[in-house]
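Asker: Listed below are the residues making up each chain.
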Amino acid sequence: MTDEPTTAPAQAPAPPASNQQPARRPDGRRLRQLRTAIVLPLVAVVVAFLVGSIFVYAADLIANKGALDLGKPLAAYKALIAGSLLGFGPIVDTLVAATPLVFGGLAVALGFKAGLFNIGVQGQLLMGVTASVAVGVALANQPVFIAAPLAFIAGTLAGMAMGFVPGFLKAVSGAHEVVTTIMLNYIALNILAAMVSGPLRVPKAPAPITFDVGHGALPIFLGSTGHIGIILAAIAAGVVWWVLYRTTLGFEIRTAGLNPDAARYAGMRPRRLIILTMSLSGGLAGMAGANELLGVTHKTTTSFATNVGFDSIAVALLARSNPLAVIPAALLLGAMRAGASQMQIQARIPRELVDVLQAVILLVVVALPVIIRDLGGRGARAVPAEAQTITASYAGETVRS
Amino acid sequence: MDQFLYSIPILGLVFQIVGYLIAILPTTAPIILRAATPLGFGALCGVLCERSGVANIGIEGTMLTAAFTGWVIGIASVAVLGPMAPGPLGITPALVIGLIAALLSAVLISLLHAWLSISLRTDQIISGTIINIAAFGITGYLNNVIAAASPTSAGQFGKIEPPEELTSLPFVGWIFETILNQGPITIALIVCAITLQILLFRSRWGLRTRAVGEHPKAVETVGIDVIRLRYKNVLIGGVFAGLGGAFLSMELSNSFQAGGTAGRGFIALAAMIVGRWTPIGALGAALLFSLFLSIGQTITFAPPSGQLGEIVAALPAQVFSALPYLVTIIVLAGLIGRSTPPAADGKPYEREATA
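So the protein lines, in turn, are chains A and B.
The end of the first sequence is residue 400 by numbering that gives the first Met the number 0, with every number in the run present.
The end of the second sequence is residue 354 by numbering that gives the first Met the number 0, with every number in the run present.
No lab work stands behind these hints: they were computed from the structure.
Keep in mind that the hints are not guaranteed to be accurate.
Below, simulated SDA-like cross-link-like pairs (lysine to any residue); rule was C-alpha separation at most 25 Å, straight line [claimed, not checked]:
no., chain 1, residue 1, chain 2, residue 2
1, A, K64, B, G81
2, B, K231, B, L198
3, A, K71, A, Q345
4, A, K64, B, G154
5, A, K203, B, A312
6, A, K203, B, P315
7, A, K64, B, A75
8, B, K216, B, L110
9, A, K64, A, R350
10, A, K64, A, I53
11, A, K64, B, Q256
12, A, K64, B, A146
13, A, K77, A, V91
14, B, K231, B, V190
15, B, K231, A, I370
16, A, K298, B, V318
17, A, K64, B, I74
18, B, K346, A, N258
19, B, K158, B, T26
20, B, K231, B, C191
21, B, K346, A, S172
22, B, K158, B, L179
23, A, K64, B, S149
24, B, K216, B, S202
25, A, K64, B, A257
26, A, K298, B, S320
27, B, K346, B, S118
28, A, K71, B, A148
29, B, K231, A, V369
30, A, K77, A, V38
31, B, K216, A, N258
32, B, K216, A, A261
33, A, K203, B, T299
34, B, K346, A, I371
35, B, K231, B, F200
Full structure from sequences and hints, please.
Answerer: This is the structure in structure tokens:
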């Protein structure tokens, strides 16, 4: 609360109190939101580094048979930061690592906004990989401005198709997307493997692998690895924000997420929205796959090694489902991914430490505001409506249309 | 008439499929039950949590933690107590200590989920997701650290070998073989599922649990502590998930792999839904899943003969490894209209203000 409200009534006596209150509220709320948006992640990162130190010590104790190096965590974090932020190369590495997380984070966040939990980003991403490698290889000798966009679009469409399935199943039969998308992750894994060991396989290759996508690759514009997907991801975040907050469709998605009954009474069609949102979410996940294949690996074996699909959930939670906040969240996790190898080489700390840090950050971001709320006793009713909706239709409450 | 004629080859194919199933069932049945054990325990955990109104998608992480803890504490016990000759069923003190530690760790993780979702009333799906991410990260990291020291594991639980006279009985011998030629955790699953089924539908605790999952306000008005009952059931559910995890690193194998649960906790959730939130149904669904899992595995190295064999040979192998997941989706989508979750499932409970 600033001084202003207290001085204002003194100058202009007897304004009705009820008029004042609503005028002041937005400022206070925005300030509080800003504070949570900046301070909370910072606190979370600090706590994560502290908790991470315990794990570093544990590793050190086991590796050195009891001899403890007190400066070890500092050395590990130094290497982590050096590998992700210090210098042009590391920064490009961070951007490249963050890019798929932006697409994936947007996919999950969009679902959250509609009250849907898309854990199927991994599978939709793999379909994006499959389709973009197929089209990319087919167009490998065409000009870049034809091959690359078409391959990227193919990946997006394949992801959309994969997202459509759980949306359709939920709308028609009420099968919960948490379960169906996970099953589809395994099915996607097998589709990719079948395609790479079948029609996409390089003839006579000792192990199944595809051809290089050649001109289908996303052009590089930054250093030696910074591909154009970085820009596409930033644009995607802007577009998703615009759709959610500036279009009728976005309004419907958010309303259906907050209160499906209200949405239905207002004449919206929740079933149609579920199918549409899951398809769009799948499309974003497909972009993450196309981005990884066309921008980074350029070809694939039967298993496409990535953890982006699951890290995306962490990104969306960190960003509290805000499409624009997805960018800094993805940068944070991307930086940790990019720095992890440096940490492993220089400080000899397993790169999985990053997974631990990520989990602690998430735990703090989710739990701390609730703990503070409970301590402050500011009304026990403050379960965020947005978060509540994710489980509102858990496990098969049939959607009425 | 035309249609009828067309249906004959399909009918023949159906007979061939059934014939193939009957042919492979006796030999694969023990494997099916073994593969269903972690799924079944995970699903029992899910049934218990969700019947009391707490959605738990952190089963995967809970099982992973238990598998890891059991393995590590087993190793530590061997290091402290020194190696010992295994007794009956491969049991050593180290193995037992490991199992207890595994169950305790699972209960601890469940306590975290209960605290986050019951006391703090955070979104239960998010709470479960955090548990999964944390368990994956922490076990992966520590596994990397510990495995580098190439430790001696505490071994694994052996099988109860049923008497020859029982398993060689005509027609029914393979059933005894399936149920009894198993380790203690697998046999415990069958006992637990039946016991839980009876308790859930025939005891006072069961009635209260189901009521808390359907209409917590009503339960509170008759003086039952909703929060406490939910805590209790989530923690007991943790024991089941812990058994499922311990099975992986202490009965199925004697080692731990990073991410070794490989999605079993999620398949357990599907089994719970397909089994309509009942213990026996969940066990049946887990068995159905692992039936298709082992068909997918068997069919590649012991392919059926005849027309069916030709079709199988023409399809890519991945079709069969995707089979159990495909079947789960189809069953889920087909059944769901008739499979209703507890009404208060996933909804945080708030006491009415008393003041």
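Asker: Run the distance test for A/K77 versus A/V91: straight-line Cα separation, threshold 25 Å.
Answerer: Answer holds: A/K77 to A/V91 is near 18 Å, not above 25 Å.
Asker: Holds or violated: B/K231 with B/F200, Cα cutoff 25 Å?
Answerer: Holds, at about 17 Å.
Asker: Tell me if the straight-line CA distance from A/K64 to B/A75 falls inside 25 Å.
Answerer: The given pair, whose Cα atoms are some 14 Å apart, holds under the 25 Å limit.
Asker: Please work out if B/K231 and A/V369 have their alpha carbons no farther apart than 25 Å.
Answerer: holds (22 Å)
Asker: So if I understand the rule, the pair passes when the alpha-carbon distance is 25 Å or less; does B/K158 with B/T26 pass?
Answerer: Distance of about 16 Å is within 25 Å: holds.
Asker: Given the hinted pair B/K346 and B/S118, is their Cα-Cα distance within 25 Å?
Answerer: Measuring from Cα to Cα gives roughly 12 Å; hence the hint holds.
Asker: Does B/T299 lie within 25 Å of A/K203 when you go C-alpha to C-alpha?
Answerer: It holds: about 23 Å lies between the C-alpha atoms, which stays within 25 Å.
Asker: What's the verdict on A/K77 and A/V38, does the C-alpha distance respect the 25 Å limit or exceed it?
Answerer: Measuring from Cα to Cα gives roughly 22 Å; hence the hint holds.
Asker: Quickly compare the C-alpha distance for B/K231 and B/V190 to 25 Å and report which way the hint goes.
Answerer: With Cα atoms ~21 Å apart, B/K231 and B/V190 stay inside 25 Å; holds.
Asker: Just to be careful, I want the Cα atoms of A/K64 and B/Q256 compared with a cutoff of 25 Å; is the pair within it?
Answerer: With a Cα-Cα distance of about 23 Å, the restraint between A/K64 and B/Q256 holds, given a limit of 25 Å.
Asker: Need the status of pair B/K216, A/A261: alpha-carbon distance at most 25 Å?
Answerer: With a Cα-Cα distance of about 24 Å, the restraint between B/K216 and A/A261 holds, given a limit of 25 Å.
Asker: Is the Cα-Cα distance between A/K64 and B/G154 25 Å or less?
Answerer: holds (24 Å)
The structure fails none of the hints (numbered hints given earlier).
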